[in-house]
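Protein chains: 2
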Amino acid sequence: MKDLKPRVLSEPEVLERLKTKRGQPGYLAMFSSWLGGVITDPALMQIPLDDHLVHRGHGVFDTCTLGDGKLYRLNTHLDRLLRSASLARIEHPWTKNDLIKMVAGTAAASNVRDGSVRYWITTGPGGFSPSPKECPEACFYCVIFDPIPLAGSKSGPLSEGINEVTVLDTPMKPPLLATIKSNNYLLNVLTHMEAVDRGGTFGILVDDLGYVAESCVLNVAFITQEKVLRTPPFEGILLGATIRRVMDLAASTLSEENLISDVDQSPILASEVSGDQISEMFLCGGDTHLYPVLSWDKIPVGQGKIGPVAKRLTELLEAEGTGQTSGDPDDFIDVLYDQ
Amino acid sequence: MKDLKPRVLSEPEVLERLKTKRGQPGYLAMFSSWLGGVITDPALMQIPLDDHLVHRGHGVFDTCTLGDGKLYRLNTHLDRLLRSASLARIEHPWTKNDLIKMVAGTAAASNVRDGSVRYWITTGPGGFSPSPKECPEACFYCVIFDPIPLAGSKSGPLSEGINEVTVLDTPMKPPLLATIKSNNYLLNVLTHMEAVDRGGTFGILVDDLGYVAESCVLNVAFITQEKVLRTPPFEGILLGATIRRVMDLAASTLSEENLISDVDQSPILASEVSGDQISEMFLCGGDTHLYPVLSWDKIPVGQGKIGPVAKRLTELLEAEGTGQTSGDPDDFIDVLYDQ
Numbered sequence: 280m281k282d283l284k285p286r287v288l289s290e291p292e293v294l295e296r297l298k299t300k301r302g303q304p305g306y307l308a309m310f311s312s313w314l315g316g317v318i319t320d321p322a323l324m325q326i327p328l329d330d331h332l333v334h335r336g337h338g339v340f341d342t343c344t345l346g347d348g349k350l351y352r353l354n355t356h357l358d359r360l361l362r363s364a365s366l367a368r369i370e371h372p373w374t375k376n377d378l379i380k381m382v383a384g385t386a387a388a389s390n391v392r393d394g395s396v397r398y399w400i401t402t403g404p405g406g407f408s409p410s411p412k413e414c415p416e417a418c419f420y421c422v423i424f425d426p427i428p429l430a431g432s433k434s435g436p437l438s439e440g441i442n443e444v445t446v447l448d449t450p451m452k453p454p455l456l457a458t459i460k461s462n463n464y465l466l467n468v469l470t471h472m473e474a475v476d477r478g479g480t481f482g483i484l485v486d487d488l489g490y491v492a493e494s495c496v497l498n499v500a501f502i503t504q505e506k507v508l509r510t511p512p513f514e515g516i517l518l519g520a521t522i523r524r525v526m527d528l529a530a531s532t533l534s535e536e537n538l539i540s541d542v543d544q545s546p547i548l549a550s551e552v553s554g555d556q557i558s559e560m561f562l563c564g565g566d567t568h569l570y571p572v573l574s575w576d577k578i579p580v581g582q583g584k585i586g587p588v589a590k591r592l593t594e595l596l597e598a599e600g601t602g603q604t605s606g607d608p609d610d611f612i613d614v615l616y617d618q
Numbered sequence: 280m281k282d283l284k285p286r287v288l289s290e291p292e293v294l295e296r297l298k299t300k301r302g303q304p305g306y307l308a309m310f311s312s313w314l315g316g317v318i319t320d321p322a323l324m325q326i327p328l329d330d331h332l333v334h335r336g337h338g339v340f341d342t343c344t345l346g347d348g349k350l351y352r353l354n355t356h357l358d359r360l361l362r363s364a365s366l367a368r369i370e371h372p373w374t375k376n377d378l379i380k381m382v383a384g385t386a387a388a389s390n391v392r393d394g395s396v397r398y399w400i401t402t403g404p405g406g407f408s409p410s411p412k413e414c415p416e417a418c419f420y421c422v423i424f425d426p427i428p429l430a431g432s433k434s435g436p437l438s439e440g441i442n443e444v445t446v447l448d449t450p451m452k453p454p455l456l457a458t459i460k461s462n463n464y465l466l467n468v469l470t471h472m473e474a475v476d477r478g479g480t481f482g483i484l485v486d487d488l489g490y491v492a493e494s495c496v497l498n499v500a501f502i503t504q505e506k507v508l509r510t511p512p513f514e515g516i517l518l519g520a521t522i523r524r525v526m527d528l529a530a531s532t533l534s535e536e537n538l539i540s541d542v543d544q545s546p547i548l549a550s551e552v553s554g555d556q557i558s559e560m561f562l563c564g565g566d567t568h569l570y571p572v573l574s575w576d577k578i579p580v581g582q583g584k585i586g587p588v589a590k591r592l593t594e595l596l597e598a599e600g601t602g603q604t605s606g607d608p609d610d611f612i613d614v615l616y617d618q
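Residue numbers (the numbering used here), protein chains in the order written: chain E, 280 to 618; chain Z, 280 to 618.
A few of these clues could be false.
All copies of an identical chain are treated as equivalent in the list; a pair is satisfied when it fits inside any one copy or across any two copies.
[What the hints assert, rightly or not] Cut-off 35 Å, straight-line C-alpha distance, at most; resulting in silico cross-link-like pairs (DSBU-like, lysine-lysine):
id: 1; residue 1: 577; residue 2: 412
id: 2; residue 1: 300; residue 2: 380
id: 3; residue 1: 284; residue 2: 375
id: 4; residue 1: 590; residue 2: 375
id: 5; residue 1: 380; residue 2: 412
id: 6; residue 1: 577; residue 2: 590
id: 7; residue 1: 284; residue 2: 380
id: 8; residue 1: 412; residue 2: 506
id: 9; residue 1: 577; residue 2: 284
id: 10; residue 1: 506; residue 2: 284
id: 11; residue 1: 590; residue 2: 412
id: 12; residue 1: 584; residue 2: 412
id: 13; residue 1: 284; residue 2: 298
id: 14; residue 1: 584; residue 2: 375
id: 15; residue 1: 380; residue 2: 584
id: 16; residue 1: 506; residue 2: 590
id: 17; residue 1: 298; residue 2: 380
id: 18; residue 1: 577; residue 2: 298
id: 19; residue 1: 506; residue 2: 584
id: 20; residue 1: 577; residue 2: 506
These are computed hints drawn from the structure, not numbers from a lab.
Assemble the whole structure, with the sequences as input and the hints as a guide.
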């Protein structure tokens with residue numbers, strides 16, 4: 280254990296240590312409304328300690344995907360961000376168009392055409408009380424970083440499929456907290472950790488009445504033997520952007536291709552969808568991530584292999600997210616890079 | 280609306296803007312294990328954006344009071360911090376003694392003998408997934424700042440008393456989340472905001488069965504007409520450090536002074552403790568903060584005035600917290616200031 284008597288650091292020492300601590304985290308650009316500009320040095324990508332995001336969880340976030348120089352589904356994600364901010368009662372000055380400019384500007388400053396995008400609206404710095412009244416200025420932060428597979432998946436999506444377990448010890452969030460996409464994610468983290476402990480990956484939450492809810496940061500979907508795509512309603516769980524696109528694609532392309540007969544978003548008892556009652560099960564989120572579930576609580580799902588629906592949806596989502604196909608043409612924002 | 284096309288900032292610009300944004304926030308010293316030292320410039324008091332505290336709520340905190348150069352009840356608070364960290368499954372290398380050294384060292388570097396103290400154990404920086412496996416190093420942060428009255432109280436404690444309301448629209452946290460003192464405080468914030476909207480101050484949470492739970496960041500206590508101090512059990516609410524000291528003082532000093540006949544920590548129906556069924560009601564937290572409640576849902580509590588128990592407890596807590604009396608002699612840590 281190193282000596283714990285702390286010494287006071289000078290400004291150059293602070294900067295030097297910030298730089299020394301950073302490896303190559305792949306953080307390409309960060310916008311901060313607090314600073315009024317973009318930072319490209321990962322060492323400086325920080326948030327004031329007294330921002331209520333940090334110590335009170337008074338901040339909301341969303342994501343999107345930068346693919347081939349286009350911001351995929353940014354409109355959809357920003358609609359949800361603004362809804363989250365409203366439910367969290369964060370007063371801020373930004374319209375959706377303002378937010379688009381800040382995100383697209385950060386992407387342009389990153390100088391990459393492919394990356395992950397995450398952004399937050401917070402009540403901002405101002406003190407350590409629970410009251411946002413002490414915060415004079417809401418903040419918007421946005422970061423562009425190298426895409427990294429979600430924790431728990433050994434390789435990219437679909438390559439192997441995953442095993443899942445029902446989470447038993449971690450409680451579900453109350454519906455209000457589950458529907459606001461905030462940084463109050465401790466229960467999501469504990470859901471994931473418990474799942475890993477039990478031999479699963481992200482974990483499946485089932486409510487007290489036996490209905491399937493969601494995974495730690497992903498929505499859950501099932502394909503029945505009758506080729507119906509089933510997923511739970513959004514009451515009390517996250518309004519997933521990816522699962523909504525999956526439902527759209529299932530109802531259009533996959534129906535035309537005879538892979539899907541119907542889409543049904545209604546409450547699902549876990550007992551209705553185990554083992555060979557279904558042919559496929561998968562989790563999805565983060566625009567392009569779709570994880571086929573090969574077993575659930577050690578019972579093989581369908582044939583215990585990646586099924587044709589998961590395979591086809593992954594192709595479609597990846598093609599859209601990487602800019603190879605147009606997807607929903609209203610939901611792409613072109614980034615204007617400097618020459 | 281200012282121009283939203285962000286520009287890239289140089290390092291000197293970042294530092295200049297950080298300093299310009301800071302007024303006189305009264306932040307005296309911040310320790311960061313990430314940096315391995317103490318910062319005294321408020322502009323530099325920041326947390327890496329990718330610390331899971333910031334974006335996943337994977338961090339726990341606690342407080343204490345620096346009074347006349349002593350850290351009041353630090354032992355008690357650190358016991359709770361370590362319990363919170365364990366429940367939140369944060370792996371870290373620190374013993375209680377290590378934490379005492381870091382907090383006391385930060386206090387010494389602050390060069391003040393009176394202040395508020397807050398500190399966090401977090402999973403640390405490492406990426407944006409929910410998994411702590413990507414975080415190589417847990418972090419400890421500690422800040423010493425000028426004591427500020429809790430939001431919602433116009434002046435210091437006890438001077439006027441407060442009005443309170445039952446919170447109706449904000450849900451309670453699930454018990455696990457309520458017992459871990461983490462930064463997942465969005466529901467606490469919304470409890471406070473709803474209370475203010477309804478003419479209250481911090482808000483009183485009552486569970487579905489009608490039992491009193493807690494306030495937004497404070498415990499609740501009642502004095503019955505028979506001089507019994509009643510407060511709810513800690514199941515499903517925060518294990519309050521201040522209410523525990525209040526119960527100790529009620530059972531000792533206040534009993535000797537005939538202000539209290541008994542102390543009873545058991546479930547309390549809200550219907551049992553309204554209006555003239557009780558003589559006093561108060562909220563307490565933050566070591567020395569005790570807020571007499573003069574009315575609850577517009578019904579005067581007792582005589583609608585500050586009662587003798589609240590008055591006496593405030594005297595005792597303030598005398599302990601400011602180092603005038605010894606309180607529990609085992610629970611003071613002397614700060615060793617440089618000469």
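Taking the hints in turn, this is what the structure says about them:
For the homomeric pair residue 577 and residue 412, the shortest alpha-carbon distance between copies (24 Å) is at most 35 Å, but the shortest distance inside one copy (51 Å) is not. Taking identical chains as interchangeable, the C-alpha atoms of residue 300 and residue 380 lie at most 35 Å apart whether they share a chain (32 Å) or sit on different chains (23 Å). For the identical chains of this complex, residue 284 and residue 375 are inter-copy neighbours only, at 14 Å across copies versus 48 Å inside a copy, given an alpha-carbon limit of 35 Å. In this assembly of identical chains, the alpha carbons of residue 590 and residue 375 lie at most 35 Å apart only when taken from the same copy (34 Å versus 51 Å across copies).
Proximity of residue 380 and residue 412 under a CA criterion of 35 Å is satisfied in both settings, with 27 Å inside one chain copy and 34 Å between copies. Only within a single protomer do residue 577 and residue 590 lie at most 35 Å apart by alpha-carbon distance; the minimum there is 22 Å, versus 61 Å between protomers. Taking the shortest alpha-carbon separations for residue 284 and residue 380, only the inter-copy value of 6 Å comes in at or below 35 Å, while the best intra-copy value is 46 Å. Taking the shortest Cα distances, residue 412 and residue 506 never come within 35 Å of each other, neither inside one copy (52 Å) nor across copies (37 Å).
For the identical chains of this complex, residue 577 and residue 284 are neighbours neither inside a copy (50 Å) nor across copies (52 Å), given an alpha-carbon limit of 35 Å. In this homomeric assembly, residue 506 and residue 284 never come within 35 Å of each other (Cα to Cα): the closest approach is 64 Å inside a single copy and 47 Å across copies. With identical chains, the CA atoms of residue 590 and residue 412 are at most 35 Å apart between copies only, with a shortest distance of 29 Å across copies and 50 Å within one. Proximity of residue 584 to residue 412 under the C-alpha cut-off of 35 Å is restricted to the inter-copy arrangement: shortest distance 28 Å between copies versus 54 Å within a copy.
Taking the shortest Cα distances, residue 284 and residue 298 sit within 35 Å of each other both inside one copy (22 Å) and across copies (27 Å). In this homomeric assembly, residue 584 and residue 375 never come within 35 Å of each other (Cα to Cα): the closest approach is 42 Å inside a single copy and 49 Å across copies. Taking identical chains as interchangeable, the C-alpha atoms of residue 380 and residue 584 are never at most 35 Å apart, the minima being 43 Å within one chain and 55 Å between chains. Proximity of residue 506 to residue 590 under the C-alpha cut-off of 35 Å is restricted to the intra-copy arrangement: shortest distance 14 Å within a copy versus 70 Å between copies.
Proximity of residue 298 and residue 380 under a CA criterion of 35 Å is satisfied in both settings, with 29 Å inside one chain copy and 26 Å between copies. In this assembly of identical chains, the alpha carbons of residue 577 and residue 298 never lie at most 35 Å apart, being 46 Å within a copy and 56 Å across copies at closest. Taking the closest pair of Cα atoms, residue 506 and residue 584 come within 35 Å of each other only inside a single copy of the chain (16 Å); across copies the shortest separation is 68 Å, beyond that limit. In this homomeric assembly, residue 577 and residue 506 come within 35 Å of each other (Cα to Cα) only inside a single copy, at 23 Å, whereas the closest approach across copies is 58 Å.
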